[in-house]
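Visitor: Quick mapping for you: the protein sequence lines, in order, are chains A and B.
Just so we're aligned, residue 80 is where the first sequence starts under the numbering used here, counting upward by one.
Just so we're aligned, residue 112 is where the second sequence starts under the numbering used here, counting upward by one.
To be clear, the hints were calculated from the coordinates, so they are not data collected in a lab.
Watch out, some of these pointers could steer you wrong.
Taking CB as the label site, the calculated pair distances span [claimed, not checked]:
| hint | chain 1 | residue 1 | chain 2 | residue 2 | range |
| --- | --- | --- | --- | --- | --- |
| 1 | A | L180 | B | T185 | 34 to 42 Å |
| 2 | B | D183 | A | L293 | 47 to 55 Å |
| 3 | B | D269 | A | W272 | 20 to 28 Å |
| 4 | A | F355 | B | D269 | 42 to 50 Å |
| 5 | B | L187 | A | T357 | 45 to 53 Å |
| 6 | B | P224 | A | K172 | 38 to 46 Å |
| 7 | B | T317 | A | N284 | 33 to 41 Å |
Glycine included, C-beta positions come from ideal geometry on N, C-alpha and C.
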Amino acid sequence: MKTENQRAWWLVAPVVLLVAFNALVPLMTVVNYSVQETFGNNQFFWHGVGWFQDVLNSERFHAALGRQLLFTAIILVIEIPLGVAIALCMPKKGFWASVCLVLMALPLLIPWNVVGAMWNIFALPDIGLLGYALNAAGFDYDYTQQPLSAWFTVILMDVWHWTSLVVLLAYAGLVAIPDAYYQAAKIDGASAWKVFRHIQLPKMNRVLTIAILLRFMDSFMIYTEPFVLTGGGPGNATTFLSIDLVKIALGQFDLGPAAAMSLIYFVITLAVSWLFFTLMTRNEAK
Amino acid sequence: MARIELDNLAHSYASRPQADSDWALKRIHLEWRDGGAYALLGPSGCGKSTLLNLISGLLTPSQGRILFDGQDVTQLPPDQRHIAQVFQFPVVYDTMTVYDNLAFPLRNRGASPAQVDARVRDIAEMLELSDILSERASGLGADGKQKISMGRGLVREDVNVIMFDEPLTVIDPHLKWKLRSKLKELHQKVKVTMIYVTHDQTEALTFADEVVVMQDGEVVQVGAPVDLFERPAHTFVGHFIGSPGMNILPCEVKGGAAFYRGEHVEAANAGATVNGAAKLEIGVRPEFIRFAGPEDKGGAAVEVVHVADAGRHRIVETRIGQDRIYVLSPEGADIPSGGARLLFDPEKTRVYADGWLAGEQ
Chain A
80 MKTENQRAWW LVAPVVLLVA FNALVPLMTV VNYSVQETFG NNQFFWHGVG
130 WFQDVLNSER FHAALGRQLL FTAIILVIEI PLGVAIALCM PKKGFWASVC
180 LVLMALPLLI PWNVVGAMWN IFALPDIGLL GYALNAAGFD YDYTQQPLSA
230 WFTVILMDVW HWTSLVVLLA YAGLVAIPDA YYQAAKIDGA SAWKVFRHIQ
280 LPKMNRVLTI AILLRFMDSF MIYTEPFVLT GGGPGNATTF LSIDLVKIAL
330 GQFDLGPAAA MSLIYFVITL AVSWLFFTLM TRNEAK
Chain B
112 MARIELDNLA HSYASRPQAD SDWALKRIHL EWRDGGAYAL LGPSGCGKST
162 LLNLISGLLT PSQGRILFDG QDVTQLPPDQ RHIAQVFQFP VVYDTMTVYD
212 NLAFPLRNRG ASPAQVDARV RDIAEMLELS DILSERASGL GADGKQKISM
262 GRGLVREDVN VIMFDEPLTV IDPHLKWKLR SKLKELHQKV KVTMIYVTHD
312 QTEALTFADE VVVMQDGEVV QVGAPVDLFE RPAHTFVGHF IGSPGMNILP
362 CEVKGGAAFY RGEHVEAANA GATVNGAAKL EIGVRPEFIR FAGPEDKGGA
412 AVEVVHVADA GRHRIVETRI GQDRIYVLSP EGADIPSGGA RLLFDPEKTR
462 VYADGWLAGE Q
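The following block holds chain A by itself, in its conformation from the complex (with noise of 0.2 Å):
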């Protein structure tokens, strides 16, 4: 006797169909587009793995991938520890939380383009407060000019955007931890670090993984502000992959090498994200 029936699958057609559409079909458009060629009038020849070959071989994608991944190390290094340092010195309840809490917020809620916009006009060593200043001070600084000036002003402007996601982040683990564990720390004659290192820190675990392959994901795949603020300029001095994908796509009209790119993309973050969960998480399954 069968019981069983099927019509039940019915209900998840509309989510198939969601996922499908913004999901499946444009990543499949994307495959398809990888391994064809065409010269316009909508025809296409099929070109195997060549365009993986030309993007994997190619200098200017080692160039941007080098880049990007020094780009984003960066970031980590410095928005990771200083997130947790402001989390840390941060009021744990009263008024002065609410307004910690609403101010480390706010660079949130801005708009990407408006962030970029807002440093391109900041920094400007002529007219901007930060440029002048800078120049004022003695320093030789113009990031339209200078690709170390560049560097210095796009991570400026992430470490500003962001580091608030890992404050938010790590404040939400700092709080969840109970009283008796920093009474009982004072009681047993624990030191400030030793109280950070053996409670705050290991409690913290979790939202530090989460902060992290945000963080990382985030600024692997960074676009908007830096194309705002410096164009990927000096030269290609801040062109990180994003940026350059765009300029192989629409500036170029490349499709086959720019969708080739959009895999290869894909695939090395998909990795390294799955390697960073990995890691972190090894020490709690044991």
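Could you slot chain B onto chain A? The hints should help.
Guide: Only chain B this time, still in chain A's reference frame:
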């Protein structure tokens, strides 16, 4: 180890306490001898945890002094008072092994590795943790973690007092009993003053030599478990301790004799002066009431309402007018149905004036 004195101790969480209710703790005056086992017993919010945190130094009192062996420690921080505290929720350092957890308070105080090792192994032996010293503390159950919390207190040789703040709340019922007897055993072995805070009368009465019963920030009675049971100083103690609690019935006192609903009731302290009391009551525990047989005379005529079987005995609920009287009837004894008469044990029946035991205050 130390003798502890609380000298007119009072505490308020409000910055400028005005009304009586602003005070979490009202003028406590107590003295605890060295090496004793004490319990602070009272309902939630009675100020017992506040008192504990004042002794450990996690809070500074609004008024009064705390003395350890005659030395004023009121302003000292917790780590200089040489005390240990076990909290309601087990606190272990997740990143460390059981061994390192136990060693932590010693290492923080700069003990040599040899000293640490000897002490940790000693304490682990006592707490039956020896086999799992190298395991990570985070993997243990609540009872194991609570043992480590206790161990961190016991491991220090200079400890004046170990305080327990409802330590068995999160422990499974079948392990509670084990841990409780372990604690009692440890106390007999190490002879450190221990203060145990709880709202569970069984825990307090089994652990302590002397129980301090608190209500609304005040000490209501200090006494050995048997005193609290047989001679409650206040109707609150009578009602709070015991299951079911003491029967408290309105009464009149005329010429040194107590009357309940016009019937004469013999009471141990009926002769005490009760002049000026607004409220007079008699208190008698369900254990000390029995049903009158045909040969007995007098007694309160009641109606049996409900009988609950509690294993070794039965709890009989009876009614007389508006009053309910509980009777504990031993296993196998006959329980009359419908109408019955109750006899109170004269030695264990007492008169209370305005809540307090008449003739005492």
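Visitor: Each hint: holds or not?
Guide: We went through each hint and held it up to the structure:
no.	hint	result
1	A:L180 / B:T185: 34 to 42 Å	36 Å, holds
2	B:D183 / A:L293: 47 to 55 Å	53 Å, holds
3	B:D269 / A:W272: 20 to 28 Å	24 Å, holds
4	A:F355 / B:D269: 42 to 50 Å	46 Å, holds
5	B:L187 / A:T357: 45 to 53 Å	48 Å, holds
6	B:P224 / A:K172: 38 to 46 Å	40 Å, holds
7	B:T317 / A:N284: 33 to 41 Å	39 Å, holds
Of the numbered hints listed earlier, not one is contradicted by the structure.
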